[in-house]
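Asker: Below are the chains, spelled out letter by letter.
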Amino acid sequence: MSTPAMTVDQVAGPTQAMRSRQWTQLLRSTLGMWRARIGLVIVAILVVIALAGPLFAPHSPTQFVAAPNSPPSSQALFGADSLGRDVWSRFLYGGRSVLGLSVAATIIGVGLGLLIGLTAAYAGGLVDEILMRIADVFMAFPQIVLALLLVSAFGPKLWLIVLTVGISHAPRVARVMRGAAQQVVERDFVKAAEAVGEPRRRIIFGELLPNVTSPLLVECGLRLTYSIGLIAAISFLGFGLQPPNSDWGLMINENRLAVTVQPWGVLLPVLAIALLTIGTNLVTDGIARAAIGIDRGD
Amino acid sequence: MSTTAEPKPTSPTNAVAVRDLRIELISSGVDVVDAIMIEVRAGEVLGLVGESGSGKTTVGMALMGYCRPGGHVTGGNVLIDGRELEGLAAGELRRLRGGTVSYIPQDPGTALNPALRIERQLSEILDAHAGDTTAEQRRARMRETLEEVALPSDDEFMRRYPHQLSGGQQQRVAIAMAFACRPHVIVCDEPTTGLDVTTQARVLQTVRELCQSHQVAALYVSHDLAVVAELADHVAVMYSGRIVERGPRDAIFSRPRHPYTRRLLRAVPDLEGKRAVVGIPGRAPLPGQRPQGCFFEPRCDLAIDSCRERFPEATEYGEGHLVHCYRADDAPDQLPTTGGDSAATEPGEVVVSVQRVNASHGSHHTLFDIDLEVRRNECVALVGESGSGKTTLARCISGLHHQYTGEIELAGTHLPESSRKRSNEARKQIQYVFQNPYASLNPRRTVGQTIARQLNLFFGGGRDSGQRVGECLERVALSAAAANRFPDQLSGGERQRVAIARALAAEPSLLVCDEITSALDVSVQAAIVDLLRQLRGETGLSMLFITHNLALIRTIADRVVVMTEGRIVESGATANVFQSPKAEYTGHLLANTPTVEAALGR
Numbered sequence: 001m002s003t004p005a006m007t008v009d010q011v012a013g014p015t016q017a018m019r020s021r022q023w024t025q026l027l028r029s030t031l032g033m034w035r036a037r038i039g040l041v042i043v044a045i046l047v048v049i050a051l052a053g054p055l056f057a058p059h060s061p062t063q064f065v066a067a068p069n070s071p072p073s074s075q076a077l078f079g080a081d082s083l084g085r086d087v088w089s090r091f092l093y094g095g096r097s098v099l100g101l102s103v104a105a106t107i108i109g110v111g112l113g114l115l116i117g118l119t120a121a122y123a124g125g126l127v128d129e130i131l132m133r134i135a136d137v138f139m140a141f142p143q144i145v146l147a148l149l150l151v152s153a154f155g156p157k158l159w160l161i162v163l164t165v166g167i168s169h170a171p172r173v174a175r176v177m178r179g180a181a182q183q184v185v186e187r188d189f190v191k192a193a194e195a196v197g198e199p200r201r202r203i204i205f206g207e208l209l210p211n212v213t214s215p216l217l218v219e220c221g222l223r224l225t226y227s228i229g230l231i232a233a234i235s236f237l238g239f240g241l242q243p244p245n246s247d248w249g250l251m252i253n254e255n256r257l258a259v260t261v262q263p264w265g266v267l268l269p270v271l272a273i274a275l276l277t278i279g280t281n282l283v284t285d286g287i288a289r290a291a292i293g294i295d296r297g298d
Numbered sequence: 001m002s003t004t005a006e007p008k009p010t011s012p013t014n015a016v017a018v019r020d021l022r023i024e025l026i027s028s029g030v031d032v033v034d035a036i037m038i039e040v041r042a043g044e045v046l047g048l049v050g051e052s053g054s055g056k057t058t059v060g061m062a063l064m065g066y067c068r069p070g071g072h073v074t075g076g077n078v079l080i081d082g083r084e085l086e087g088l089a090a091g092e093l094r095r096l097r098g099g100t101v102s103y104i105p106q107d108p109g110t111a112l113n114p115a116l117r118i119e120r121q122l123s124e125i126l127d128a129h130a131g132d133t134t135a136e137q138r139r140a141r142m143r144e145t146l147e148e149v150a151l152p153s154d155d156e157f158m159r160r161y162p163h164q165l166s167g168g169q170q171q172r173v174a175i176a177m178a179f180a181c182r183p184h185v186i187v188c189d190e191p192t193t194g195l196d197v198t199t200q201a202r203v204l205q206t207v208r209e210l211c212q213s214h215q216v217a218a219l220y221v222s223h224d225l226a227v228v229a230e231l232a233d234h235v236a237v238m239y240s241g242r243i244v245e246r247g248p249r250d251a252i253f254s255r256p257r258h259p260y261t262r263r264l265l266r267a268v269p270d271l272e273g274k275r276a277v278v279g280i281p282g283r284a285p286l287p288g289q290r291p292q293g294c295f296f297e298p299r300c301d302l303a304i305d306s307c308r309e310r311f312p313e314a315t316e317y318g319e320g321h322l323v324h325c326y327r328a329d330d331a332p333d334q335l336p337t338t339g340g341d342s343a344a345t346e347p348g349e350v351v352v353s354v355q356r357v358n359a360s361h362g363s364h365h366t367l368f369d370i371d372l373e374v375r376r377n378e379c380v381a382l383v384g385e386s387g388s389g390k391t392t393l394a395r396c397i398s399g400l401h402h403q404y405t406g407e408i409e410l411a412g413t414h415l416p417e418s419s420r421k422r423s424n425e426a427r428k429q430i431q432y433v434f435q436n437p438y439a440s441l442n443p444r445r446t447v448g449q450t451i452a453r454q455l456n457l458f459f460g461g462g463r464d465s466g467q468r469v470g471e472c473l474e475r476v477a478l479s480a481a482a483a484n485r486f487p488d489q490l491s492g493g494e495r496q497r498v499a500i501a502r503a504l505a506a507e508p509s510l511l512v513c514d515e516i517t518s519a520l521d522v523s524v525q526a527a528i529v530d531l532l533r534q535l536r537g538e539t540g541l542s543m544l545f546i547t548h549n550l551a552l553i554r555t556i557a558d559r560v561v562v563m564t565e566g567r568i569v570e571s572g573a574t575a576n577v578f579q580s581p582k583a584e585y586t587g588h589l590l591a592n593t594p595t596v597e598a599a600l601g602r
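So the protein lines, in turn, are chains Y and W. Each residue of the first sequence is one higher than the one before, starting from 1 at the first, in my numbering. Each residue of the second sequence is one higher than the one before, starting from 1 at the first, in my numbering.
Rather than coming from a laboratory, the hints here were simulated on the basis of the structure. Warning: the hint list may mix true and false statements.
Unchecked claim - With a straight-line Cα cutoff of 25 Å, these simulated SDA-like cross-link-like pairs (lysine to any residue) come out: (1) W:K421 x Y:M139; (2) W:K421 x Y:A123; (3) W:K421 x W:Y438; (4) Y:K191 x W:S360; (5) Y:K157 x Y:M139; (6) W:K421 x Y:F205; (7) Y:K191 x W:G282; (8) Y:K191 x W:K582.
Said to hold, decoys possible - Just so you have them, the derived chain W footprint on chain Y, three or more residues with Cβ under 8 Å: (9) 183 to 191; (10) 228 to 237.
Glycine is no exception: its CB is placed at the ideal position from the N, C-alpha and C atoms.
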């Protein structure tokens, strides 16, 4: 043998294996982009407001503190709503539900979509065809209509909202993940795993999943953005959290009639929701751009 | 013998003159190539030889005034027809490309626009560069060019789309496009790499004839020394961004002076089986990691102290034969001519037998009544051109292609079609090594995880799995530290070793190697073949070695099976098949396989 010792050790890069190497790489190049940094700051501020807000709220969200629709005063920082409750306090309390429901719906939607997409891509043939046609049928319904249909049929239950929003995401996520996974399925390492008899489950989660993490991350961000909008809309339409609870979407609805007299009741939650979606979108976009540079090649 | 650091004045007959060309990376200022000196006269072919990453394509592109993004020319100049490319306006460069200098790409499948008819592909170039001619003249030129590359020139053919042509025809269309405007210079970037030997021979002949008849200066970039030996008048050998040796073809191939050239030649498989192939250990340094002295010094067995201090200047040996090496005088003159044919081994009982197998892809019948046997301790080579069905057969045996009828047996027991339906033991006994090591390893797993998974599947997990992984890696001459690496941190050869280690970890009785060296450089290919030979000697492993390269199997196979169009046309002991091929097709393959020896003898 003329090659007793290959020069693997001379290869550039640290010697110790990092399981999370691709993650750190992705994180670093994502954070290298201004859009991602700005997005992250926006999201961080709003998450802090939503989570820690109630600790700093001057009043209870259901307490009557001033005359209805009164302008900002020392009593109420951003004035009072149509029932005389403190807008600022209700705003600080109202973020948790939006955020919590959106995140939960996203997890359900992306998880389900991932499973369907990877299964369809790996199984191919008839299974792929059936799964994707079902997805097409679901996608034919506008998301909001699907959600409203179910919520109005079964009543405004929070778990139902999370579930319906999640399920309405699933076919869209499934399409993207199927597309990403189809390119991986073609590659020889999947055939190698088949040749040695790896169980299907292991091929899907061990071989396919790690190679579609970047589009998966992008999908997570994107679906979170949509979830926020969708859940705020459902609340706005009155099918979400019920009064007297405080919720950003609900607040917009409650205060929209008096928007010319007391704009803050609408403005604060609208700004928050808008910024949250913009923020998550910026971060998602950053991840997507960073992933292009990383997933290229092998 | 004299030292010639100064470039000779360029004679006006040089169609191409590259002087001291240096191309740097913009980001780091590290040179990709440096001190490149090339001269090509009209009607001559210069073979630019080097392994992947040596910078040969960068030099080829520089002739077209092109630098890939991230790089820029920082020194020297490129003269085409005595005109300097540096500082040409964008419009002039555009006229130059395709008009004066044209390019034949490596992969015609991606170079031709799939949405355009052959007619349009050709007329686009003529429209751009021969605008002063009439449409009739251009059409006549198109037909003429197609005839020159031995393609039909009728309307029916010109109206075809690229996907309606074979790979060889596509490449000839690309050549026709390159010659359509009667360029003075042509850059060929490994145009035959993806082609079968028969097609390759025809394409090479076409290029050679066109260069002579039109007095075109050609730069032929290739890693295939045999092809370059057939085609080139002069040869320049590149290593890690430098030309280390250049000179007339006969001087380079029969009296190579640079140790790298010599090692490269020893790595080329020999069709006559007179010498063993020997790989080059180690790998070429990347830009920015090059040693201070001679770049080949770490891998050179002739290295002395001065090799470590300074990159050697050129020394002249005979007419135009320049060598950058301090030890050029001490290198032995002849290549070793021993140890060629594969060691005869005693084959044992039948491991895998294939009987009357007919396979199809959808409605397309691809294998016809295949009978094949592989015995214990035997290496059977399955040779055929692309589309011959050799990979399909290998995949049927491995349970990856299910659409077949007939019988495949492992040690006398029937094997179900699908690997999923086979027993764990059957899957363990037959292991498959894939063609492309860049695709056969999961990029998200470390080498250690990949091999440990294989061990787990067939032997169950154990606490000493780390140690066992290390043993598997050492068996394929990788250090145990490679276990912590991800595939993208390894070179192609190293990856293929990992793939072999993974297969061997199962302790199979049959190793199916599907074109496992076709994606690798010659020096790496030689090392891999060497490794397989050694493994066979140690373990009594049976092997089914699939390849299109006849020269390669001479040194490794006991028996050769030749396939074409889904049928076996010949099978027999290696030496017999090579010396007296019975099937016409085999003789044809042998005659068309380019070899250094044959090219020099011509």
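Asker: Hint by hint, note whether the structure agrees.
Answerer: To see whether the hints hold, each was checked on the structure:
no.	hint	in the structure
1	W:K421 x Y:M139	37 Å, violated
2	W:K421 x Y:A123	16 Å, holds
3	W:K421 x W:Y438	28 Å, violated
4	Y:K191 x W:S360	19 Å, holds
5	Y:K157 x Y:M139	23 Å, holds
6	W:K421 x Y:F205	21 Å, holds
7	Y:K191 x W:G282	30 Å, violated
8	Y:K191 x W:K582	36 Å, violated
9	183 to 191	holds (count 4)
10	228 to 237	violated (count 0)
In summary, the numbered hints that this structure violates are 1, 3, 7, 8 and 10.
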